Each structure stands twice: as C-alpha cells, then as structure tokens.
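Chains as they are written, first to last, in my numbering: chain U, 1 to 399; chain X, 1 to 64.
Everything labelled a hint here was simulated from the structure, so no lab data went into it.
Do not take every clue at face value.
Below are the DSSO-like pairs computed for lysine-lysine, each with C-alpha atoms no more than 27 Å apart in a straight line [to be verified]:
(1) Lys-47/U to Lys-32/X
(2) Lys-392/U to Lys-44/X
(3) Lys-162/U to Lys-26/X
(4) Lys-3/X to Lys-26/X
(5) Lys-64/X to Lys-392/U
(6) Lys-54/U to Lys-36/U
(7) Lys-132/U to Lys-111/U
Bear in mind that the values here come from a model prediction, so they are computed numbers and not experimental data.
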Amino acid sequence: MNKVVIVGASMGGLRTAESLRRSGFSGEITIVGAEKHYPYNRPPLSKDLLAEDKTFDSIEFNINKEELGANFMLGNPAQSVDISNHELTLNSNQKLSYDFLVAATGLRSRKMDFQNPVQSGRFSLRTYDDAKRIRSAVSPGKHVVILGAGFIGLELAATLRKLNCKVDVVAMEAVPLAPIVGELFGKEIQRRHEAEGIHFHMNNSIENLIGDKFITHVSLGDGTSLECDIFIEAVGSLPNTEWLDGNGLDKANGVLTDKTLRAIDLEGKCIENFFVVGDIARFPYVNLQIPARRIEHWNIPIEGGKRVGREISHAVKPGSVDGFNHEEPFNPLPSFWSDQFNISIFSYGEPKIADKVNLVYGRIDSDFIFTYHRQGKLVGAAGIGMRQGLNKLRSEIWL
Amino acid sequence: MIKVKVDMDKCQHYGQCVFEAPNIFKLNAEDKLEYLATTDDSEKSNVIAAADVCPMQAITFTEK
Chain U
1 MNKVVIVGAS MGGLRTAESL RRSGFSGEIT IVGAEKHYPY NRPPLSKDLL AEDKTFDSIE
61 FNINKEELGA NFMLGNPAQS VDISNHELTL NSNQKLSYDF LVAATGLRSR KMDFQNPVQS
121 GRFSLRTYDD AKRIRSAVSP GKHVVILGAG FIGLELAATL RKLNCKVDVV AMEAVPLAPI
181 VGELFGKEIQ RRHEAEGIHF HMNNSIENLI GDKFITHVSL GDGTSLECDI FIEAVGSLPN
241 TEWLDGNGLD KANGVLTDKT LRAIDLEGKC IENFFVVGDI ARFPYVNLQI PARRIEHWNI
301 PIEGGKRVGR EISHAVKPGS VDGFNHEEPF NPLPSFWSDQ FNISIFSYGE PKIADKVNLV
361 YGRIDSDFIF TYHRQGKLVG AAGIGMRQGL NKLRSEIWL
Chain X
1 MIKVKVDMDK CQHYGQCVFE APNIFKLNAE DKLEYLATTD DSEKSNVIAA ADVCPMQAIT
61 FTEK
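Just chain U, with the same shape it has in the complex (with noise of 0.2 Å):
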C-alpha cells in the first residue's frame, strides 16, 4: 500500500490530497501540520475576518472528510526528514515512513530584529491566530503602524482604518507596491489610502521600538518618532524550511523543483518522489531565460497541488490518470487579488518582471487597466475593475 506524507495541513497541503484521491490514489494520505488547525483560507485574515472579528468556522476550507480520507496531524510540526531512507521525524519524535513526500510548509512572517526586545503591542500576520490577536488589541483611536507597504500592510491598513484606528505606514521604498504594479498604480493607491485619512512616511524605516513593558512610540530612520499602541511588521515572509537540512537539496529560497514540482539537489538530480507545493516550491519558468523563482500568490497551492495529486497517481500507475500529461511542464499562469477599501485590484502574470508599463485602458482615477511587457512580450495585466478587459488579456500572457 502507497503511503503519502504530505507536510503542510493548509490550503497547499489540502489541495495535494485532494487531488491525489481525485485522481484515483488509494493509498494512505497523512497531512502533517504545525498549526493545530484543520486547512483555512488566509486572504479574509487581513481583510473581513479582522474587520468583522469573524472566527474560525467563516475561513475553514469545506473538507469532506469521509471522501478525503486523510490522517490529519495537527499542532506537530515536521522535525526533520531523512530523504535517502524515507522516513520524517515529527517535533513529538514520531517517526513516519514514506513511499512519497510532500513538502507544503509555506511561509512565516519576517521579524525585524530591534535593540528593544519589547514584545507587548507587537504584531504580525500570518496565521489566524495572529489575526485574532491584532483584533483584541484594537479600538477605535489607537495608534496603528505598520512596517511595510506591499498587499498586507495595505490591506491591514485599511482594515484598520475602517475600524477608526489612527494608521501610520513607514516603508523603505518610494512609492508603495511600486517594485510590483509600478509608479503610477502605486501612487494612485497611496492617494486613495491618503483620501482616508492614512498617513505613509515612505523612503523611511523604523529604528527602535519604544516602551518599557509595552510599546509607546516607534523611532524612525529619519528622526522622528510615532506614537504608537499597535505595531504590525508586515515586511514579507521566510519559507519554512528548515526541516528538510541535510539532506543536500537547493534550499536557498524555497526549495529548488524541476518542471514537475519534483524537488532538485545541489547536485542537479531530481528526487523521484519528493515534491513542492505552494510558497515554498522554487519552480521553473518555461519560456522565458530567468532563473526559477518562488511565486507567493494564493493560486499556485492550488495549481501545485492539483499537479502533484495527479503526479503521484501516474507514478503509482502510470497512465491511469484521465487526460493527465505528465510530459507538460507545469507552468501555472500567476494571479492575485487585493482588496483596499472599495479598490479591488485583480493581476494576472507577474508584472514585476516587466521593462515596460502602460496604461491602456480606463483613468488613473476610477477603474484601469495596466499591461505589462518584458522585451516586447506581454508578462502581466493587472488593474482595478475592469474585470471582462482583463480577462482578456489573460490569454495573451507569456510565462
């Protein structure tokens, strides 16, 4: 009898397994987490989750447990794993074998390291847990800052804002999501937050924290100080994977994948039955000469996911998985989504790698269109509304 470990019980984790019964795999499926939750859907974390303090049940994925079934253990993190003799060991010491491993343990939230070690009224946002600590610290008329202008200082912003929270953004770069959607769409949103009453202090950083038992004031880069009752460092995400040490993969950032999901080596050789999904997978680009990157966006657990469930049935039974081509490089066209107030920005590709941005449809000022090339090819759309236009570009994208 197959057995899959898959290592991660979120969304990437949770989509692997599905597919792997989708596909006709019936073997047993154990899903290892370091969370004590069953799979739960991130994105409302920073968004109506926080602002209406919904719990658990409201971002819990439907999972038919019955028709999955999947050994679930939660609230155990992976320790390390031993490639070469199958087997992963558990921080409980449990030791599981496996005939094929899953790596799904996607990201946690970067921490500044400040002189002042205070940790009362300092936040970050990754996990449920950390959402409903943000909402029992906030009332209308605390003073928020948050470190980091990129989709989730933003959205924490404006969730926050909404709750009548006094928000103050710092962020080293000049104009925010500008390295991502460009100048202009970043200026645009900045303006739209301003409108709002929320103050950036960008081409900045914050030097320390201050307060004794509890934060009072933040110190920034250029001199001056921000009261501050809430701080929320929002400054981007580490992949977790440490666990997987020693064991001579190509782990610099993510772990490195061939054109399967199939984790790589340092020495080049593909790992048969070791596969990436999600945040951490490092995985190829097909068509374009740029070395392989990790892509953050909330669709890539689920395409990785779908792939490496039927990945696996094929290997078990090769040909038994209905208009499966495992020949196919996986390729998975990027997307995501952010919601600011009432701006609803969509984006498809990776506009980031773009030499070229223009503005083709709509005003800067009420709904657009943005499209992105890079060497004359298109790479990226993205915009706010619009949603049929950008959709149409979606098939013109080359990845």
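Dock chain X against the given chain U, drawing on the hints supplied.
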C-alpha cells in the same frame, strides 16, 4: 445532476470560475457574475475546479 450555489454576498466578480467552468459561469455586460444553478454530472470536475479557484470561496455545490 449538480446544483451550483454562489454566495453573492461573498462574490467579488473576479470571474476566475469562468475560466474553469465556462459552461456554467460568465461575467455579463456589467462585469457581474451570472451562473447556471443546475448542471449535469459531466461538469462536476469543472465545478470543483471553479470552487477551488474562487478567491472569495463563494461557490458550493450539491449532487442529486
């Protein structure tokens, strides 16, 4: 037979479902989602895929 339901309070009309199950979902002239509430079993895997990719997780279905 499959009954499809979209929670229109959650739906943000991103139209990702349209790519997975174009026989069932579409965006109309006002950029709003329209869908067939009933479809046959042959669409099951498409409906599942659509439910999976919905950013708002607004799609559910039941089998009769």
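Taking the hints in turn, this is what the structure says about them:
no.: 1; hint: Lys-47/U to Lys-32/X; verdict: holds, 22 Å
no.: 2; hint: Lys-392/U to Lys-44/X; verdict: holds, 25 Å
no.: 3; hint: Lys-162/U to Lys-26/X; verdict: violated, 32 Å
no.: 4; hint: Lys-3/X to Lys-26/X; verdict: holds, 16 Å
no.: 5; hint: Lys-64/X to Lys-392/U; verdict: violated, 35 Å
no.: 6; hint: Lys-54/U to Lys-36/U; verdict: holds, 18 Å
no.: 7; hint: Lys-132/U to Lys-111/U; verdict: holds, 19 Å
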